[in-house]
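Engineer: Position chain B against the provided structure of chain A, taking the given hints into account.
Residue numbers (the numbering used here), protein chains in the order written: chain A, 477 to 874; chain B, 477 to 874.
To be clear, the hints were calculated from the coordinates, so they are not data collected in a lab.
All figures in this text were calculated on a predicted structure; none of them were measured in a lab.
Ideal placement from N, C-alpha and C gives every residue a C-beta, glycine not left out.
Check before you lean on any hint, since a few could be wrong.
What the hints assert, rightly or not - In silico lysine to any residue, SDA-like type, Cα no more than 20 angstroms apart, as pairs:
{"hint": "1", "chain 1": "A", "residue 1": "K658", "chain 2": "A", "residue 2": "G496"}
{"hint": "2", "chain 1": "A", "residue 1": "K602", "chain 2": "B", "residue 2": "V708"}
{"hint": "3", "chain 1": "B", "residue 1": "K658", "chain 2": "B", "residue 2": "D845"}
{"hint": "4", "chain 1": "A", "residue 1": "K658", "chain 2": "A", "residue 2": "N614"}
{"hint": "5", "chain 1": "A", "residue 1": "K658", "chain 2": "A", "residue 2": "S852"}
{"hint": "6", "chain 1": "B", "residue 1": "K602", "chain 2": "A", "residue 2": "V708"}
{"hint": "7", "chain 1": "B", "residue 1": "K658", "chain 2": "A", "residue 2": "N614"}
{"hint": "8", "chain 1": "B", "residue 1": "K658", "chain 2": "B", "residue 2": "T869"}
{"hint": "9", "chain 1": "B", "residue 1": "K658", "chain 2": "B", "residue 2": "V557"}
As the list claims (entries may be wrong) - To spell it out: a stretch of chain A is covered by chain B in this simulated footprint if at least three of its residues, at any positions, have a beta carbon under 8 angstroms from a beta carbon of chain B; those stretches are:
{"hint": "10", "segment": "514-521"}
{"hint": "11", "segment": "524-533"}
{"hint": "12", "segment": "576-583"}
{"hint": "13", "segment": "620-627"}
{"hint": "14", "segment": "650-663"}
{"hint": "15", "segment": "794-807"}
There are 2 protein chains.
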Amino acid sequence: VPDDSPFPPGGLPLGVFTPGTSRGRKRVGAALGDHVLDLDAAGHLTGRSWTRLFAAPSLNRLLAAGPAAWGEIREWLLETVSTRTDSSGLHDHLWPRSQVRMHLPFQVADYVDFYSSEHHAANVGKILRPAGQPLLPNWRHVPIGYHGRAGTVVPSGAPVYRPKGQYLPDEASTPEYGPTQKLDFEAEIGFVVGVPSQRGEPVPTGRFDQHVFGVCLVNDWSARDLQAWEYVPLGPFLAKSFCTTISPWVVPLAALDRARVPAPPRTVPTLEYLSIDEDWGLDIDIEVELNGTVVSRPPAADLYWTGAHQLAHLTANGASLRTGDLYASGTVSGPEAAQSGSMLELAWNGSRPLQLPDGTERSWLQDGDTLTLRASAPAEDGGRLGFGEVMGTVEPAP
Amino acid sequence: VPDDSPFPPGGLPLGVFTPGTSRGRKRVGAALGDHVLDLDAAGHLTGRSWTRLFAAPSLNRLLAAGPAAWGEIREWLLETVSTRTDSSGLHDHLWPRSQVRMHLPFQVADYVDFYSSEHHAANVGKILRPAGQPLLPNWRHVPIGYHGRAGTVVPSGAPVYRPKGQYLPDEASTPEYGPTQKLDFEAEIGFVVGVPSQRGEPVPTGRFDQHVFGVCLVNDWSARDLQAWEYVPLGPFLAKSFCTTISPWVVPLAALDRARVPAPPRTVPTLEYLSIDEDWGLDIDIEVELNGTVVSRPPAADLYWTGAHQLAHLTANGASLRTGDLYASGTVSGPEAAQSGSMLELAWNGSRPLQLPDGTERSWLQDGDTLTLRASAPAEDGGRLGFGEVMGTVEPAP
Chain A
477 VPDDSPFPPG GLPLGVFTPG TSRGRKRVGA ALGDHVLDLD AAGHLTGRSW TRLFAAPSLN
537 RLLAAGPAAW GEIREWLLET VSTRTDSSGL HDHLWPRSQV RMHLPFQVAD YVDFYSSEHH
597 AANVGKILRP AGQPLLPNWR HVPIGYHGRA GTVVPSGAPV YRPKGQYLPD EASTPEYGPT
657 QKLDFEAEIG FVVGVPSQRG EPVPTGRFDQ HVFGVCLVND WSARDLQAWE YVPLGPFLAK
717 SFCTTISPWV VPLAALDRAR VPAPPRTVPT LEYLSIDEDW GLDIDIEVEL NGTVVSRPPA
777 ADLYWTGAHQ LAHLTANGAS LRTGDLYASG TVSGPEAAQS GSMLELAWNG SRPLQLPDGT
837 ERSWLQDGDT LTLRASAPAE DGGRLGFGEV MGTVEPAP
Chain B
477 VPDDSPFPPG GLPLGVFTPG TSRGRKRVGA ALGDHVLDLD AAGHLTGRSW TRLFAAPSLN
537 RLLAAGPAAW GEIREWLLET VSTRTDSSGL HDHLWPRSQV RMHLPFQVAD YVDFYSSEHH
597 AANVGKILRP AGQPLLPNWR HVPIGYHGRA GTVVPSGAPV YRPKGQYLPD EASTPEYGPT
657 QKLDFEAEIG FVVGVPSQRG EPVPTGRFDQ HVFGVCLVND WSARDLQAWE YVPLGPFLAK
717 SFCTTISPWV VPLAALDRAR VPAPPRTVPT LEYLSIDEDW GLDIDIEVEL NGTVVSRPPA
777 ADLYWTGAHQ LAHLTANGAS LRTGDLYASG TVSGPEAAQS GSMLELAWNG SRPLQLPDGT
837 ERSWLQDGDT LTLRASAPAE DGGRLGFGEV MGTVEPAP
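This is chain A alone, in the form it adopts within the complex (with noise of 0.2 angstroms):
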């Protein structure tokens, strides 16, 4: 393993592949070095009962299993990685990442999307309500949320079709049916929940790690323009919902250890059921590149509300929880200008084109344009980890 590879051997994110150019059948995988580790082959050399859960087109099983289990794969594999040579037949169960094809590494059952960064909320205080205080007084009490469509996540390299709906043209006072104009992205951090919860019942904070397996990464694509004139009085709906972008790759919790970090100071003291007693902050560094250019780099660190706060505001009304959930961090932005997560903040609702060494300048996506999201964490042995790319290139409105 190359000593800056993203996937380390202390990392070994989890996600579903095929190998080749086969139209085999999909197997759960772990990313190491240049390689994807096929566990449903080299599982069965331990004989272990959770080797079946790598048989399988999605980690969803392997999630339900819950965090004992979780646990005793993570050492296997830590001391597979660390100690089998060539003699034991691991290699012959390593496919370069070249030759597979990844998938959705989990079947999405709900899909919550969050708003927990505050330079992103104020951000969009500013642009949108310039004359008023750029946070809601909701916003620094209640983790706000709202549910995504979990139809339309896709793996990364999956096309994003440029969405058409309504939205209201400037000076118009009636709205028009076409395509966005105003398409952006949105830098996220998401978190995949494996064990269930019952309805009625609460998920406290300190449970988070009980519940939640791992993080991956989101770009949760948005049209401005039609949310803009769709969303009062309930929300975002299709300048949402057309399209959502993972990573192939589950970063289990256990690997985060060194990236946890307390969440940012309380400014105003919060409810009970969202106190915390461990820090579930995540410093992950998160990479925007456009077409090539690398345009920004949000700070997850920043988040106000972690993945904690966040899973216990979800089910404080009594909404369960089931294997597969995903709910995301909310746009990431830093409080610098390039450390904004998405195309609003960094042209400022197009008032100041971001330039591209091409010459070009964008104040939205334009069709052909391809956005990648990267992100690394510090890891074990003092180097970094990564969650792999979710890359989409926009395509003309069909």
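Structural biologist: Same frame as chain A, now just chain B:
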């Protein structure tokens, strides 16, 4: 079949049941008079390939089979219940409805809730924004909707736990967390998607009945105090996500031919993708019963946006459909006070409590209250057909 049965031979809604008190496996049945016809057992008499769709714990496989199969199955079913006699063996497969247990009829993929009743939207406007126009500027152009939580859609009879959440007490500036003080119901009809669509390809209004199998009844339980505090700017979230109850029976569109009526006239021109050639208004009369007293009769025929409009809008941005998608109309309210589909409207936000025959009054639902929805529509034979009950009893917050 008794003449006034909600389940006449021309209705034949489908659901999922287990017979008797046994722990037998779930299977597909049709409601007929006071009985449930075991389609898994009866279907074997036909030797047709689609009988395998009945040996399933949900309608999803049948839903996915598409309109040709739906038509064949309905034809066989109509023929079967009209001509077979006891000697045919059909009676061996009829279970008294009182002796079966009904389940969630289908696995819900994504759940969307619209806001399609003009009377409801205007009532909400008058209550919450008394100084402004009752309808927001986008309402007559956009079938407003949002995604709800699919994982908390439950079958009739499941307990409804009073949700806790954040709300802002009167004249307070900081929120409290506790059981909702404003628990409400919402009487709605729901559309059940059978045939999926491709991402990037909107489904035009004219293809509504190629994708939608049928209609169920929906109670979208709501917590108005949570909603008021959380809904800006991303819409309702915990105020809705704790529970949504649906009827055990899905009435096929094919059984609703006589119920089809024109939608109310457009008061402003709609965009082309929302124009419609066929009438898909549905003359479904809903009845709301609180603790045994009928308190309202909302008329679904009044819905401004029909199921066909809703489907075209839902997919107008290229969002794909999956088998098992459920989208509901939003609260159905008619022009009269006694046609309101929510407590919010019936008691006008607490300002004129509902008087019940037991001498008590209600502004909102109390612990122990039982709320039941029923509905009927014109049937082929001149009678009326039903949807079964949507019943829920409010349990104290755990």
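Engineer: Next, verify each hint and record whether it holds.
Structural biologist: Tested hints:
{"no.": "1", "hint": "K658(A) x G496(A)", "result": "violated (38 angstroms)"}
{"no.": "2", "hint": "K602(A) x V708(B)", "result": "holds (16 angstroms)"}
{"no.": "3", "hint": "K658(B) x D845(B)", "result": "holds (13 angstroms)"}
{"no.": "4", "hint": "K658(A) x N614(A)", "result": "violated (27 angstroms)"}
{"no.": "5", "hint": "K658(A) x S852(A)", "result": "violated (29 angstroms)"}
{"no.": "6", "hint": "K602(B) x V708(A)", "result": "holds (15 angstroms)"}
{"no.": "7", "hint": "K658(B) x N614(A)", "result": "holds (19 angstroms)"}
{"no.": "8", "hint": "K658(B) x T869(B)", "result": "holds (15 angstroms)"}
{"no.": "9", "hint": "K658(B) x V557(B)", "result": "violated (46 angstroms)"}
{"no.": "10", "hint": "514-521", "result": "violated (count 0)"}
{"no.": "11", "hint": "524-533", "result": "violated (count 0)"}
{"no.": "12", "hint": "576-583", "result": "violated (count 0)"}
{"no.": "13", "hint": "620-627", "result": "holds (count 8)"}
{"no.": "14", "hint": "650-663", "result": "holds (count 4)"}
{"no.": "15", "hint": "794-807", "result": "holds (count 6)"}
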